[in-house]
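Here the protein sequences line up with chains A and B, keeping their order. With numbering that gives the first Met the number 0 applied, the first sequence corresponds to residues 0 to 352, in that order. With numbering that gives the first Met the number 0 applied, the second sequence corresponds to residues 0 to 352, in that order.
All clues given are correct.
The list cannot tell twin chains apart, which means a pair is met if one copy fits it or any two copies do.
Each computed DSSO-like pair below joins lysine-lysine, with the alpha-carbon atoms no more than 27 Å apart:
#1 Lys-15 with Lys-119
#2 Lys-78 with Lys-119
#3 Lys-318 with Lys-95
#4 Lys-81 with Lys-95
#5 Lys-119 with Lys-95
#6 Lys-47 with Lys-119
#7 Lys-213 with Lys-237
#8 Lys-326 with Lys-78
Worth flagging that the hints you see were computed from the coordinates, not collected in a lab. Keep in mind the model is a prediction, meaning the values are calculated, not measured.
Number of protein chains: 2
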Amino acid sequence: MIHGMIKRLTIHDVAKEAGCSIATVSLVLNNSGRIGPDTRHRVTEIIKTLGYQPNTSGRNLRLQRTDTIGLMFNPSPSKIFKNIFYIDMMEGLEEKLCQRGFSLLLGSGREELARDNLPKFMRTGAVDALILMGHFPENTLDVLLRTRTPVLLLDSLHPHKEVDCLTSDGFSGASQAVDHLVSIGHTRIAMLSYDILEYHNVMTRIDGFRTAIKRHGLDARINPVVHDFAINEDLPAKIDAMLADPEGPTAFICVNDTLAVYVTDYLMDRGVNVPEHVSVIGFDDDTIARTHQPPLTTVRIDSFFLGAKASELVIERLKAPQEPVRKIIVPVELIVRESTGAPPAIRPVWPRK
Amino acid sequence: MIHGMIKRLTIHDVAKEAGCSIATVSLVLNNSGRIGPDTRHRVTEIIKTLGYQPNTSGRNLRLQRTDTIGLMFNPSPSKIFKNIFYIDMMEGLEEKLCQRGFSLLLGSGREELARDNLPKFMRTGAVDALILMGHFPENTLDVLLRTRTPVLLLDSLHPHKEVDCLTSDGFSGASQAVDHLVSIGHTRIAMLSYDILEYHNVMTRIDGFRTAIKRHGLDARINPVVHDFAINEDLPAKIDAMLADPEGPTAFICVNDTLAVYVTDYLMDRGVNVPEHVSVIGFDDDTIARTHQPPLTTVRIDSFFLGAKASELVIERLKAPQEPVRKIIVPVELIVRESTGAPPAIRPVWPRK
DNA sequence: TTGTATGCGTTATCAA
DNA sequence: TTGATAACGCATACAA
Numbered sequence: 000m001i002h003g004m005i006k007r008l009t010i011h012d013v014a015k016e017a018g019c020s021i022a023t024v025s026l027v028l029n030n031s032g033r034i035g036p037d038t039r040h041r042v043t044e045i046i047k048t049l050g051y052q053p054n055t056s057g058r059n060l061r062l063q064r065t066d067t068i069g070l071m072f073n074p075s076p077s078k079i080f081k082n083i084f085y086i087d088m089m090e091g092l093e094e095k096l097c098q099r100g101f102s103l104l105l106g107s108g109r110e111e112l113a114r115d116n117l118p119k120f121m122r123t124g125a126v127d128a129l130i131l132m133g134h135f136p137e138n139t140l141d142v143l144l145r146t147r148t149p150v151l152l153l154d155s156l157h158p159h160k161e162v163d164c165l166t167s168d169g170f171s172g173a174s175q176a177v178d179h180l181v182s183i184g185h186t187r188i189a190m191l192s193y194d195i196l197e198y199h200n201v202m203t204r205i206d207g208f209r210t211a212i213k214r215h216g217l218d219a220r221i222n223p224v225v226h227d228f229a230i231n232e233d234l235p236a237k238i239d240a241m242l243a244d245p246e247g248p249t250a251f252i253c254v255n256d257t258l259a260v261y262v263t264d265y266l267m268d269r270g271v272n273v274p275e276h277v278s279v280i281g282f283d284d285d286t287i288a289r290t291h292q293p294p295l296t297t298v299r300i301d302s303f304f305l306g307a308k309a310s311e312l313v314i315e316r317l318k319a320p321q322e323p324v325r326k327i328i329v330p331v332e333l334i335v336r337e338s339t340g341a342p343p344a345i346r347p348v349w350p351r352k
Numbered sequence: 000m001i002h003g004m005i006k007r008l009t010i011h012d013v014a015k016e017a018g019c020s021i022a023t024v025s026l027v028l029n030n031s032g033r034i035g036p037d038t039r040h041r042v043t044e045i046i047k048t049l050g051y052q053p054n055t056s057g058r059n060l061r062l063q064r065t066d067t068i069g070l071m072f073n074p075s076p077s078k079i080f081k082n083i084f085y086i087d088m089m090e091g092l093e094e095k096l097c098q099r100g101f102s103l104l105l106g107s108g109r110e111e112l113a114r115d116n117l118p119k120f121m122r123t124g125a126v127d128a129l130i131l132m133g134h135f136p137e138n139t140l141d142v143l144l145r146t147r148t149p150v151l152l153l154d155s156l157h158p159h160k161e162v163d164c165l166t167s168d169g170f171s172g173a174s175q176a177v178d179h180l181v182s183i184g185h186t187r188i189a190m191l192s193y194d195i196l197e198y199h200n201v202m203t204r205i206d207g208f209r210t211a212i213k214r215h216g217l218d219a220r221i222n223p224v225v226h227d228f229a230i231n232e233d234l235p236a237k238i239d240a241m242l243a244d245p246e247g248p249t250a251f252i253c254v255n256d257t258l259a260v261y262v263t264d265y266l267m268d269r270g271v272n273v274p275e276h277v278s279v280i281g282f283d284d285d286t287i288a289r290t291h292q293p294p295l296t297t298v299r300i301d302s303f304f305l306g307a308k309a310s311e312l313v314i315e316r317l318k319a320p321q322e323p324v325r326k327i328i329v330p331v332e333l334i335v336r337e338s339t340g341a342p343p344a345i346r347p348v349w350p351r352k
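Go ahead and model the full structure; you've got the sequences and the hints to work with.
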């Protein structure tokens, strides 16, 4: 026998104990002003000593809301949480949401979504709103948006869809990265990205890079964006080719820190010193950016803040369902560490002759 | 205007459309056997075309349950999810739970718990059960256990508390580690642990180590457990002292992979080769154990399985609240990689003379 | 086989 | 200021 089967207290128990009606108890509970100070006090005491708490299901049914926000990831929690960035984001989200009296429901239902069906909790009124973390395919999104349940895209942005979005300013981040490199003398910079251009964040960073290159009057052909590779496969060959070219880049901007770490390590293995020979910049300011040798210059995104901001947005949306959708872009900041420096007077060529 | 304000469908809408009573619809929904095949078919069709789903709040209220499991972490999601081990565990948990029709509610309420109050969702019937991931202080646990809501401790174990527990077999893991080292010739082994002996998992691993050492007829004084240190502070000095001792250990068993990586890197920095001079074993089989150089010999814990098993346990508990509590210990397996090898014929002393 | 009616626990309306 | 009561959406005991 595990627990005593104490019957759960209801508002009736409190009313009986206080010698009043359940209406009075409810009024006290939701502190309506028009309650006699003496009864208010008496009822409050009884509530406290009994340890009564209004039942969630009853309350939800009556109020036609649940004060619960659904949370979905793509492709899966374990994939997405490998990136510390998202963990901090969820922490910010959860903390703020909870402070405001909301709960977070982990949204499974990926299988249903994959078949273009709504996840169960979206069809049954189990959540008041939904937050989508990471990139979701467009048709999946469309299925979700046919609901009357508000949706927020976190760390993603669809400019032309009727949906609230919140993400970081990758355009500015890439610009800052280019500006920094140019300011210390680089004129041949390559941007490295995974081949997932449908991700808005990725495309925006690339856009920012290209625009900044043009703004500085640099040649797009010798400041290329390289993205048609699979890491561990084509990437080494691509890098080798650029290193072998005397006109090759003296700096790499990578679309995130994971890639930047990979590239830096690869370079060092080949005898290319970072930053003496070649500079490297990352994105996100993951923990690894600080602990890596050399510590990475990177574009810092305040992921905790992003999560906290998301909770605000979703709560405001709940209060004002009819307001126009909002696309919010959070500023980012370049953190200069030790993976960037002035380019060598004459950049060597690898393999060394 | 964001979404069409389509009024949510209720069972009445379906009944009207089908020209029957709501009872009939409900019976079809919960496929009670005694419904005429023709009406059953008709109602089913209408449900499908209308896209009706029973409302969660109404259902929960009527059924006096929520099919929702609360999930709490200590000290915080971000702290605990830094460890990939826990991410995989949550993945397993979430996947199985969802398959069985349950939802996962992220339990905030740490502040309340810290003040020895129950988290809100535990007092209001918002969840049917609670899963605690990681180590919680005993008095916190006691507060939680006074509820009639079932609790499951995941990756932790309290032998004498009336609470279901599920964790890995650290005792066996440490034994296997010692056996392996002894079998390849080691006779001087030290166990390294953080100074958090109140964690059952930690204490159990230490117990397993001590018992195995004794079983092999080895001297406990030259096969010590070292735990009174803060990493980055006292630990280097402790290791240095052992290395300087000609009778010092030829192998370290570390209480987890993070520590093992730290120790290995420190040793290599000092010119101590792993495994030629000294062997190192970790615990958990984190990703880092595979990617580290050299790859770590470690005690593998199937964290995904642990999570999946937890979901089973909690569901069974829900079905049989009166059954005696269960303490379940999942087997572990030593994975031999490249951080262990035969000890040197004569172990050098560091600093080298 | 199907329909009627009740109650789950709450909030809110209206009357007293 | 307080109380009686309806309604939220559903499942089920019981009646038909």
